[in-house]
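Number of protein chains: 4
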Amino acid sequence: MKDWQLLTEKLRQFNLERDWSQFHNPKDLALALSIEAAELNELFLWKQPWEANPLKVKEELADIFAYALLLADKYNLDINEIVTDKISQNAQKYPANKAKGNARKYDEL
Amino acid sequence: MKDWQLLTEKLRQFNLERDWSQFHNPKDLALALSIEAAELNELFLWKQPWEANPLKVKEELADIFAYALLLADKYNLDINEIVTDKISQNAQKYPANKAKGNARKYDEL
Amino acid sequence: MKDWQLLTEKLRQFNLERDWSQFHNPKDLALALSIEAAELNELFLWKQPWEANPLKVKEELADIFAYALLLADKYNLDINEIVTDKISQNAQKYPANKAKGNARKYDEL
Amino acid sequence: MKDWQLLTEKLRQFNLERDWSQFHNPKDLALALSIEAAELNELFLWKQPWEANPLKVKEELADIFAYALLLADKYNLDINEIVTDKISQNAQKYPANKAKGNARKYDEL
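Residue numbers (UniProt numbering), protein chains in the order written: chain A, 1 to 109; chain B, 1 to 109; chain C, 1 to 109; chain D, 1 to 109.
There could be a bad hint or two in this list.
As the list claims (entries may be wrong) - Under the rule of at most 30 Å between Cα atoms (straight-line distance), these lysine-lysine pairs were calculated in the DSBU-like manner:
{"#": "1", "chain 1": "B", "residue 1": "LYS56", "chain 2": "A", "residue 2": "LYS98"}
{"#": "2", "chain 1": "A", "residue 1": "LYS74", "chain 2": "B", "residue 2": "LYS100"}
{"#": "3", "chain 1": "D", "residue 1": "LYS100", "chain 2": "D", "residue 2": "LYS86"}
Bear in mind the hints are in silico, worked out from the structure with no lab data behind them.
For reference, chain A alone in the conformation it holds in the complex (with noise of 0.2 Å):
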């Protein structure tokens, strides 16, 4: 069993018994995603970049991580295959020689 399957199983029994799984659907888990995101840059908030607080961080990456997952798990998603598709994508969209150096999106290359 993979890694991501493993840490989507332990999430899954921790919602389970506590019958949590009327609350998620898709729309609630990237909504509470996107507050966890938000609780993250909050630790650089008014600071340097290297500023934050890196046990705080651990700590909102984790929430961060396993929304990312039960949403995954909602969409029958593969981790690794989603990630490596769109790693190909973007070889496609931003090519080594051209985006070099610099970080314009795509369509300004």
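Starting from the structure of chain A, add chains B, C and D where the hints point.
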């Protein structure tokens, strides 16, 4: 090598070829993650919880995982460990008998 | 009639003509607002604090004000009053002598 | 003096007394705004569209207006003007006869 380490390795290689690590400080990576989370949420806007386009959900979730993995990499975090730790913490904050069937925050249980 | 009431009136009229109030429940309006906030943030991504395109900042800020006004309208809130109240509250949470020159949260002052 | 200008003046004064303008670059102000937007959204999480606590909605909306006004101030924007302009633009992107009763984006009308 674990699943997520393989994905991280691919992402690192992708960015290396484009010389993008200069932009990838933790603050901007966290910002990028929250922007992708918003794009995910946009798929559900003005809609019922299950009406988002699944193909687009897949794309946005892939972006979210990619930035979350890059950020975890910056802080040398082990995904399995941080998510498992968080589940244990939440099991204490949300005891099954108290949290069962309600979505209140731990400080309102 | 106050400035913001005039704007609210125009927004209401705009939506009435499109029969959009059926979509504009508070939850989706709040979601729309956070999506616009993310679009605003995207203008600053991978950039120095002052490098965003001012014309685009103008556009995104307009969207944010529009959704914030529509949401305030749903709850019959007076903008002058709620912002002035909040400033008074913050003046107590962040006394000038303690908060001066630092960006710590009130519970860390 | 317009409503907006009065509020902006109060906010400016508040920050001046705390010497906070050093932190208030546009990038961090935009970030702060999106964090407040997420706090607003959290009031609706796992809930039906009208179940948020109105008193808390009031608080979070006030924070959002405050940061939006500070950001507008940085770019010398006139709120009435930018929102009115945006409504005119949207009237062209979303003609009433095509957009009536549906929530599709302008490029899908």
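Against the structure, the hints come out as follows:
1. Using a Cα cut-off of 30 Å, the hinted pair B:LYS56 and A:LYS98 holds, with the two alpha carbons roughly 26 Å apart.
2. A C-alpha spacing of about 21 Å is found between A:LYS74 and B:LYS100, which places the hinted pair at or below 30 Å, so the restraint holds.
3. Between D:LYS100 and D:LYS86, the direct Cα distance comes to roughly 18 Å. Compliance with the 30 Å bound is thereby established for this hinted pair.
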